[in-house]
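As a plain string of letters, each chain reads:
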Amino acid sequence: MPRVVVDVMLKPEILDPQGQAVANALPRLGVSDVASVRIGRRIEIEFTGEPDLDRAREIADKLLANPVIEDFTVRVVEADETAGAHS
Amino acid sequence: MTARVGVVTFPGSLDDGDAARAVRIAGAEPVRLWHGDPDLHGVDAVVLPGGFSYGDYLRCGAIARFAPVMETIVDAARGGLPVLGICNGFQILCEAHLLPGALTRNQHLHFRNRDQILRIEATGTAWTNTFQPGQEVLIPVKNGEGCYVADAATLDRLEAEGRVVARYVGGNPNGSQRDIAAITNEAGNVVGIMPHPEHAVEALTGPSLDGLGFFTSVLKHLVGAPA
Chain A
1 MPRVVVDVML KPEILDPQGQ AVANALPRLG VSDVASVRIG RRIEIEFTGE PDLDRAREIA
61 DKLLANPVIE DFTVRVVEAD ETAGAHS
Chain B
1 MTARVGVVTF PGSLDDGDAA RAVRIAGAEP VRLWHGDPDL HGVDAVVLPG GFSYGDYLRC
61 GAIARFAPVM ETIVDAARGG LPVLGICNGF QILCEAHLLP GALTRNQHLH FRNRDQILRI
121 EATGTAWTNT FQPGQEVLIP VKNGEGCYVA DAATLDRLEA EGRVVARYVG GNPNGSQRDI
181 AAITNEAGNV VGIMPHPEHA VEALTGPSLD GLGFFTSVLK HLVGAPA
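Top to bottom, those sequences are chains A and B.
For what it's worth, the working numbering labels the leading residue of the first sequence as 1, then goes sequentially.
For what it's worth, the working numbering labels the leading residue of the second sequence as 1, then goes sequentially.
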């Protein structure tokens, strides 16, 4: 069954201290060519029927993201691209 | 007649007991409200206490906003019911759009727990009318996600309308924009505050008695409010 994937990211102007902490840890891995890291959240939604992007957008706007500080995108992906897919 | 002040318990609330105790010490009757019960049981005001409602899942306060009791509180607050959100309660008020902006992860990523000086700047609200403008108070702060953010236009409007209720003095514990510790809505009946006035209501357990003023303010407000 296809799912709707919602990606939630902090708006560019909002400081992401988690991302900064990860970026600051990278030199200890020997990685020195990363300019910045920003951390977001990926949510997969499976509808009982066909994937409904408008409905997903409504869910994202009202609950999954806080539009004051976050942006989101929604897209439909096939089942084998989602985290719950059987390999 | 003794004022009745509701204190909501969500799954994961932490400071509901202290908030109810502060209400009692201030001279009102605390009424415990349950997140799953939309009935406010005739209370005259409501406190949303600190803690970690719904485990802070998704975002702090994001799920509590949809609790049955919150639907009633949002409607009642729009009608003038005094509502004080402390810490997690402040986060819930922002998520419920009763207050603008949002609370985000402390900029230094550390949970901050200390006694904090605040300057009370708005004394016309239902919860701060017993303070003097500019009065400094000492109240515990304890949060991991207390960094207040809003866009510049919102911050400018809050400042212009005198809706910044309190600011951090002597060091900003979480990176909040413009040192904001507490704000109010346009009507002044809804206040969100990150530090914990309910932990500063008696000498045995608090650094001061300064927090009591928030609870005595609402009693003064209710006496003056039309029935």
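Hints listed in this document are in silico derivations from the structure and should not be mistaken for laboratory results.
Bear in mind the structure is a predicted one, so any value in this text is a computation, not a measurement.
Here a beta-carbon is modelled for each residue, glycine too, at the ideal position from N, C-alpha and C.
Check before you lean on any hint, since a few could be wrong.
[To be verified] Label-pair restraints from in silico Cβ distances: (1) Pro12/A / Val223/B: 43 to 53 Å; (2) Leu204/B / Val77/A: 49 to 59 Å; (3) Asp156/B / Asp7/A: 47 to 57 Å; (4) Asn113/B / Arg38/A: 45 to 55 Å; (5) Glu136/B / Phe47/A: 49 to 59 Å; (6) Pro68/B / Gly49/A: 25 to 35 Å.
Now for the hints, and whether the structure bears them out:
The hinted range of 43 to 53 Å is satisfied by Pro12/A and Val223/B, whose Cβ atoms lie roughly 48 Å apart. The beta-carbon spacing between Leu204/B and Val77/A, approximately 58 Å, falls within the hinted interval of 49 to 59 Å. Checked against the hint of 47 to 57 Å, the C-beta distance between Asp156/B and Asp7/A comes to roughly 31 Å, which is inconsistent with it. Between Asn113/B and Arg38/A the Cβ separation comes to about 28 Å, which falls outside the hinted range of 45 to 55 Å.
Under the hint 49 to 59 Å, the C-beta atoms of Glu136/B and Phe47/A, about 54 Å apart, fit the expected range. The hinted range of 25 to 35 Å is satisfied by Pro68/B and Gly49/A, whose Cβ atoms lie roughly 28 Å apart.
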